[in-house]
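There are 4 protein chains.
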Amino acid sequence: MNKLYFASDYQEGMAPEILNRLSETNLVPVSGYGTDEFCESARQKIRAACGSEDLDVYFLAGGTQANAVVISAVLRDYEGVVAADTGHVALHEAGAIEYTGHKVLTVKGDKGILRADALQEYLEAFYADGNHDHMVQPGMVYISQPSEYGTLYSRKELQALREVCDDYGIPLYVDGARMAYALACSENDVSLKELTELTDVFYIGGTKCGAIIGEAVVISNKKLVPHFFTTIKQHGALLAKGRLAGISFDTLFTDGLYERLGRHALEKAEEIRRSLRENNWQFFFETPTNQIFVVVDNATLKELDETVVYSYWEPFDNTHTVIRFATSWATSEEDTEALKKLIVRYGNA
Amino acid sequence: MNKLYFASDYQEGMAPEILNRLSETNLVPVSGYGTDEFCESARQKIRAACGSEDLDVYFLAGGTQANAVVISAVLRDYEGVVAADTGHVALHEAGAIEYTGHKVLTVKGDKGILRADALQEYLEAFYADGNHDHMVQPGMVYISQPSEYGTLYSRKELQALREVCDDYGIPLYVDGARMAYALACSENDVSLKELTELTDVFYIGGTKCGAIIGEAVVISNKKLVPHFFTTIKQHGALLAKGRLAGISFDTLFTDGLYERLGRHALEKAEEIRRSLRENNWQFFFETPTNQIFVVVDNATLKELDETVVYSYWEPFDNTHTVIRFATSWATSEEDTEALKKLIVRYGNA
Amino acid sequence: MNKLYFASDYQEGMAPEILNRLSETNLVPVSGYGTDEFCESARQKIRAACGSEDLDVYFLAGGTQANAVVISAVLRDYEGVVAADTGHVALHEAGAIEYTGHKVLTVKGDKGILRADALQEYLEAFYADGNHDHMVQPGMVYISQPSEYGTLYSRKELQALREVCDDYGIPLYVDGARMAYALACSENDVSLKELTELTDVFYIGGTKCGAIIGEAVVISNKKLVPHFFTTIKQHGALLAKGRLAGISFDTLFTDGLYERLGRHALEKAEEIRRSLRENNWQFFFETPTNQIFVVVDNATLKELDETVVYSYWEPFDNTHTVIRFATSWATSEEDTEALKKLIVRYGNA
Amino acid sequence: MNKLYFASDYQEGMAPEILNRLSETNLVPVSGYGTDEFCESARQKIRAACGSEDLDVYFLAGGTQANAVVISAVLRDYEGVVAADTGHVALHEAGAIEYTGHKVLTVKGDKGILRADALQEYLEAFYADGNHDHMVQPGMVYISQPSEYGTLYSRKELQALREVCDDYGIPLYVDGARMAYALACSENDVSLKELTELTDVFYIGGTKCGAIIGEAVVISNKKLVPHFFTTIKQHGALLAKGRLAGISFDTLFTDGLYERLGRHALEKAEEIRRSLRENNWQFFFETPTNQIFVVVDNATLKELDETVVYSYWEPFDNTHTVIRFATSWATSEEDTEALKKLIVRYGNA
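Residue numbers (numbering that gives the first Met the number 0), protein chains in the order written: chain S, 0 to 348; chain W, 0 to 348; chain B, 0 to 348; chain U, 0 to 348.
The following block holds chain S by itself, in its conformation from the complex:
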């Protein structure tokens, strides 16, 4: 029997629509490095989705790369980036930000969210410290939408963050590796247009949202990153065959595919969540998007290992573990049903 794969949202290839388009265009010769017509078309569609013609759009290969390239491009040498302590840049990027010479300045997060008041408090304390000239200057704020824990910033929270950033003259950057799963979420009230208005730069995730590669960096505050093309090249992040990312995003932003893929994942996640609730599984905490964190006793976990591929998250206590189930654009009806049967079997009466 094949296992059930709920480990992540990057375990399958790409949305069939993208594969088809790659096929159709395969032998069309175009110029390299993202200067081709597919990239240009994708840029136009993204600008339209973001509600502004005045945006620079660049395509990069992956999330850690996008974070390192954007953050190092924005920061001056003496500056660091402020992030929640659970931020991807703070923990799971192997020091990619530090490798570019910059410190990640962490603020205690709340279920993955960097609260505006926590940011405010951090910045106030920083500038109150008589030694702050001997310390890394906060030069940028990093958040993820959805967060690494699948939670969402509300519009109000994002506005509050923006205000704090404005008060201190600090740009705001959003890591949107899983953006499709935010946009398609019924609880979400932050559209791409609002993201564009409320941030200086953000990226729309492709790799975890239906593309086989690619993140689209959207820059509204253009003067922040002069010569960004050269910066991308310098990071080894310039795709010679930019067409791959271009065609992917052009397809994702045609006929609402991007949100449709997100919605599919969220429907499957919702089914699973409902089943978990009905069968009295313990949530680590509830999340509205495609990542579900549950606390499982270790004996059950051992049995689950036989049939399900999930993500190990962290120990909960001596006898329990936090694990993650993730759905994606590719999660099948069949696998979902099979997982639900297991949820029933191992549920708590």
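Simulated from the structure, these hints should not be mistaken for laboratory data.
Watch out, some of these pointers could steer you wrong.
[Stated by the list, open to error] Here chain W is said to cover these stretches of chain S; the calculated rule only asks that three of the stretch's residues, wherever they fall, bring their Cβ under 8 Å from a Cβ of chain W:
| id | stretch |
| --- | --- |
| 1 | 15-26 |
| 2 | 87-96 |
[Claimed, not checked] When the alpha-carbon atoms are kept at most 25 Å apart in a straight line, the in silico BS3-like pairs for lysine-lysine are as follows:
| id | chain 1 | residue 1 | chain 2 | residue 2 |
| --- | --- | --- | --- | --- |
| 3 | U | Lys-155 | U | Lys-110 |
| 4 | S | Lys-110 | B | Lys-107 |
| 5 | B | Lys-192 | B | Lys-155 |
| 6 | U | Lys-222 | S | Lys-222 |
| 7 | W | Lys-107 | U | Lys-107 |
| 8 | S | Lys-340 | S | Lys-2 |
| 9 | W | Lys-222 | B | Lys-221 |
| 10 | U | Lys-2 | U | Lys-301 |
| 11 | W | Lys-340 | W | Lys-2 |
| 12 | U | Lys-107 | W | Lys-110 |
| 13 | S | Lys-221 | U | Lys-221 |
| 14 | B | Lys-107 | S | Lys-107 |
| 15 | U | Lys-340 | U | Lys-2 |
| 16 | W | Lys-221 | B | Lys-221 |
| 17 | B | Lys-221 | B | Lys-192 |
| 18 | W | Lys-221 | B | Lys-222 |
Since we're looking at a predicted model, the values are computed, not measured.
Every residue gets a Cβ at the ideal spot worked out from N, C-alpha and C, and that includes glycine.
Please arrange chains W, B and U on chain S, whose structure you already have, making use of the hints.
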């Protein structure tokens, strides 16, 4: 009328065999970050082609990235990489090596080739200099096969370089962005097995040789780059969906596809070269691989611009320019014939 | 009236013995970059004090510089340095470590001390994490003796740290910016010989201990830092007139001057501490060396500002502040008596 | 017999006037990090000498450090610094600039001088290259006054460089490690005031001009380097006891000491040069400042080795060598006479 594209070897998508394999495997769920079965199969085939089981193989996205990741991983902070002054790392990577903190130490090249005696002379002079402790230590030698000018290192030359490297205890690295066009060349006498034996690390180019993305880094001197996986992640170079590169290389190294693609390009290049010779075009210098450099008077160039897309290389004199025609695995019979007609038309009686 | 200076241990020039020696030798011509006879003599005396002939000794200008040069020289690119969250490298060096590309991995400290069990726990958790290949590898442990809070590692604690480091194959480094104030302390049971045996590299502080400039880096694990001279130059840390540091350390390590200067500071600190205790001042916590941290109500602080220069540390609560008094080799009898009078005046009955 | 020291201008301690002032002020307590009254006084005197109140002045320890801190602070990540191929930053700083992530872009120099037309030609060719977005952007121009070969930029040449820089919007930086020997030179027509007007930032050398440590960075284009204090700290270049550099420069800029020290060196150099000429020694090329380069046959050199300490420069041919004699503020009458006797003895009839 459509233009004729001879600008580069990365203007089309990917070899149809790869596209088919991507299609067939698209919905198979696998683990991320190059730990999947496709990557593992590709590794085994590359090891077989290189004649050794004892090789580490990693897949990266592009050439500048591969160079920056490998070179910075091998060098200690106080070391630089020695390259021909025409080396890709010395000129056209936007300072990607310097961005990792290392100097590129240039030695005058000979039509793109770093000659062993020039290297020897450089190293002798370096260590003879009483101030060499105040200078960047040569910590690695970088060459390209084929070179940036389409020329080839012979086995004998490579052995001579290896000996100099051994005398000074310096690792040798080969950038094989266009390796297919070396391997398939009748003048070439350096196989993958010999490359493996004579170097510490090299990469087999995918992007310019039939894949849409991907370079395979082959490491025989494994102790040079401990924790290379983490290093790749730190550079933002780890592909979440490693399957893309894995499937590409698995296909390229099945049934001799890699060399077959190379051979196609060389046959087309040879046809073009023959026509250029017959029609008395001036070669910048002769090359045996898929890149052809010719000197064209500027008036002719203006007319060519109407119908051909080529690469501008450099000014030759006030009235002439060096341009490059490149063929690839995708160059069609039809386009080659059309180019040959132009070659006749603009030839020198 | 002149103010009383108890702000730091670097507010006066240099020990008169050093000044005299600079005078006597001023016109002797010597070679540059630390290759002179004064540096060589200082090296020999430091080796003798450390109980080993087999030590490399280099002189740098200041503490942040010494930390950045040593730590970046020891670490490979994919590694970070583990430190207490109060460590100087973690907070007050303006990101000097991150600037060299490395993350500072923090562990909760205990009054400035990195406890061996906390380190053990951190390392265990790190290697237990299934994603640790995606994280910065712990490549070195950093501690300060005395700590940034004036506390001391006991010999037993240092041995315990060493054992944890050995278990994980991680080098141990000690920042000894204020080493004189440890060595001269009656509570201290860690001599230079033991430091040499228990660590891989440490530095003996000059700037805060009687020299006007200079820190002596002592390396017992020589293979850790090949080409260290070139590394120093690369950091812009090589003193052309190395004689300044050489003469300073040669003098400090002649006739026990270094410890004598330390002892003077500790005697003054002990007088002040006794007075604070007798007059019921509130210690932030007790420390045995030359730094004294007290909690002062803000009204008193305002009055103290008139006559004393101290160091502001951090807010304690809404109405109280933590401040630091520091003594040094230069603290006079007269100033100490004057401070004691203030301590009586503002004491709590 | 003691040897004659003409190896460099950093072989003695410091001008006696500085030593006296260090003595007088030794026990005055002041604040750290260059915020003290001595530094402030030095800053005021330097501003006066440079003819502008509107200058930021910072004190660093040495030349390589000053270059690395200033250049990395001015450049954005994607930029490099343009220098003559003989520039100190290009060769003898162990890759200090590359360590900060930036390439040194070299232009062929003329006896150490970067000619304005050579710079113009370089910049024109750079922007004419269709691939310049894939290359390091020229972000700053570096020159040395006097140059590494003891030659001088005339006012006219400096103005011409300034114009090229202005045309391309690139800041101009001058390394003045040996500035005293330019200012005191009769051939020199560039005063500190003109340097201030014609450049964006430069430094006035202390270490090679009478101080035991210290370079004064003078910034007229202040917006180039925001948060420069933090940048200095981040480089480990902030002197805790800034007083050392402050007192040194305060003394050097009192009663014309700086130029007086320079003049002394030049008088001695002129005596030596005259003697060399009269005795038909071969100059490598003539220089007007304190560095004298002569071509010596290797047999003579062997005999000179017995009595003189000079600097080996480079091989001239198989039987001759280029060496350097340098004078300084400390060169004695006695040693000069002794050297002149040797010059006569080994002269060519």
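Against the structure, the hints:
1. 15-26: holds (count 7)
2. 87-96: It holds, with 4 qualifying residues against the three required.
3. Lys-155(U) <-> Lys-110(U): It holds: about 17 Å lies between the C-alpha atoms, which stays within 25 Å.
4. Lys-110(S) <-> Lys-107(B): Within the cut-off at roughly 21 Å; holds.
5. Lys-192(B) <-> Lys-155(B): holds (15 Å)
6. Lys-222(U) <-> Lys-222(S): Distance ~16 Å between Lys-222(U) and Lys-222(S) Cα, so the pair holds.
7. Lys-107(W) <-> Lys-107(U): holds (14 Å)
8. Lys-340(S) <-> Lys-2(S): holds (14 Å)
9. Lys-222(W) <-> Lys-221(B): holds (20 Å)
10. Lys-2(U) <-> Lys-301(U): Within the cut-off at roughly 14 Å; holds.
11. Lys-340(W) <-> Lys-2(W): The hint holds at about 14 Å.
12. Lys-107(U) <-> Lys-110(W): holds (21 Å)
13. Lys-221(S) <-> Lys-221(U): It holds: about 24 Å lies between the C-alpha atoms, which stays within 25 Å.
14. Lys-107(B) <-> Lys-107(S): holds (14 Å)
15. Lys-340(U) <-> Lys-2(U): holds (14 Å)
16. Lys-221(W) <-> Lys-221(B): holds (24 Å)
17. Lys-221(B) <-> Lys-192(B): holds (16 Å)
18. Lys-221(W) <-> Lys-222(B): holds (20 Å)
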